[in-house]
Amino acid sequence: MRAPRFLLLLLIALPAGIVQGREAAPAADDPVLEKRVMDLASELRCLVCQNQTIADSAAPLAVDLRGQIREQLKGGASEQDVIDYMVARYGDFVRYRPPFEAKTLLLWTGPFLFVVLGAWLLRRRLARPQAAAPELTAAERARAARLLE
Amino acid sequence: MRIAWAVGIFLALVALLAVGLRLNPREVPSPLIGKPAPAFELPLLHAPGKTFSEKDMLGKVWVLNVWASWCGPCLQEHPVITRLSKSGAAPVIGLNYKDARSDALPWLARNGDPFFASVFDATGRIGIDYGVYGVPETYVIDRKGVIRFKQIGPMTPEVIEQRVAPLLKELNAGA
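Each protein sequence line maps, in turn, to chains A and B.
Sequential numbering of the first sequence, starting at 1, is according to the numbering used here.
Sequential numbering of the second sequence, starting at 1001, is according to the numbering used here.
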């Protein structure tokens, strides 16, 4: 019963994902520029709805920021220039891929540290000698034999 | 021994998650603290022909309040901003963000106008320079034009009392 119900829920939830997954329609007529704008916008966090990128979000600020990106790229700015522009205003938080620096060291290396820790614990456990079965005395053997008969 | 380990790990996780839950992800630390306030030259809300710039406030400690008539929390914080302005601790400049004059002016007429001056940022361009992402936001700017404090979201009497008032006092006392 459990599995079919889960599948049913999945089927119900599926259309919601499709509807939300659509990206905002491009506004410029230059497809090459628009591709660059959207690629860059999907690297940047929308601060109004924080789990969306600027590319995904329909919040007015995201629309404005896409406009900013478009304007700057059109004006000859590089991708890095635009990222620097955003970071100067909103901080590293706008980047979906935070930079690798002292402050974010644990963030980047944390998962690997956990893998190493897990491997070490596992090894230690496997290497531990199995406790030998205690020897039975003659009386115990006799009792076991009686019980088994 | 093994149980002690398990309980220890469990408690460590609880502590970690408890701290995480108390953090507010909406409060993005502003990279603008300690930096010069971004330049602007904007028309006044009340007089479209005249402009006002952050340079006009050089030499003064002042407060910049970003608001809009369409923003509910702005109305909520309005009495707090009004009280701050009336206290005379510092002039409060209003930055009317992505609004229409036909909405903003009646809003001020209705709720009172606490602002020393109001500038009009129709496109939200200056808002972006100030890292605004949710109105209302409030900045404290010192005599040299450096941002010293930023409040994201509505100003509260507690924040005024604990952060803004002491800071204004300190900045006004300094040479």
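Just so you know, the hints here were simulated from the structure itself, not pulled from any lab data.
Some hints here could point you the wrong way.
Unchecked claim - Each computed EDC-like pair below joins lysine to aspartate or glutamate, with the alpha-carbon atoms no more than 20 Å apart: (1) B:Lys-1150 with A:Glu-71; (2) B:Lys-1098 with A:Asp-64; (3) A:Lys-35 with A:Glu-71; (4) B:Lys-1098 with A:Glu-71.
Said to hold, decoys possible - Part of the chain A face toward chain B, derived, beta carbon under 7 Å: (5) Glu-43; (6) Arg-89; (7) Tyr-90; (8) Val-116; (9) Leu-117; (10) Ala-119; (11) Leu-121.
Claimed, not checked - Computed footprint of chain B on chain A, listed as stretches where at least three residues anywhere in the stretch have a Cβ under 8 Å from a Cβ of chain B: (12) 100–107; (13) 122–135.
Ideal placement from N, C-alpha and C gives every residue a C-beta, glycine not left out.
Hint-by-hint comparison with the structure:
1. The straight-line distance between the Cα atoms of Lys-1150 (chain B) and Glu-71 (chain A) is roughly 28 Å, outside the 20 Å bound, and the hint therefore fails.
2. The hinted pair formed by Lys-1098 (chain B) and Asp-64 (chain A) meets the criterion: a straight-line CA distance of about 11 Å does not exceed 20 Å.
3. For the hint linking Lys-35 (chain A) to Glu-71 (chain A), the alpha-carbon distance of about 14 Å falls within 20 Å, and the restraint holds.
4. For the hint linking Lys-1098 (chain B) to Glu-71 (chain A), the alpha-carbon distance of about 19 Å falls within 20 Å, and the restraint holds.
5. Below 7 Å, beta-carbon pairs count as interface contacts, and Glu-43 (chain A) has none with chain B, the closest being about 17 Å; its hint is therefore violated.
6. A hinted interface residue such as Arg-89 (chain A) counts as satisfied when its beta carbon comes closer than 7 Å to some beta carbon of chain B; here the least separation is about 4 Å, so the hint holds.
7. With 7 Å as the threshold, the beta carbon of Tyr-90 (chain A) comes within range of chain B, its nearest partner Cβ sitting at about 5 Å, so the hint holds.
8. Interface restraint check: Val-116 (chain A) against chain B, minimum CB-CB distance 17 Å, threshold 7 Å, status violated.
9. Interface restraint check: Leu-117 (chain A) against chain B, minimum CB-CB distance 12 Å, threshold 7 Å, status violated.
10. For Ala-119 (chain A), the shortest C-beta to C-beta distance to chain B is roughly 17 Å, which exceeds 7 Å, and the interface hint is violated.
11. Checking Leu-121 (chain A) against chain B by beta carbon gives a least distance of about 11 Å; that is not within 7 Å, so the hint is violated.
12. Counting residues of the segment 100–107 of chain A whose C-beta sits closer than 8 Å to any C-beta of chain B gives 0, which falls short of three, so the coverage hint is violated.
13. Interface restraint, the segment 122–135 of chain A with chain B: violated (0 residues with C-beta to C-beta distance below 8 Å; minimum three).
Hint check: violations occur at hints 1, 5, 8, 9, 10, 11, 12, 13; the rest are consistent with the structure.
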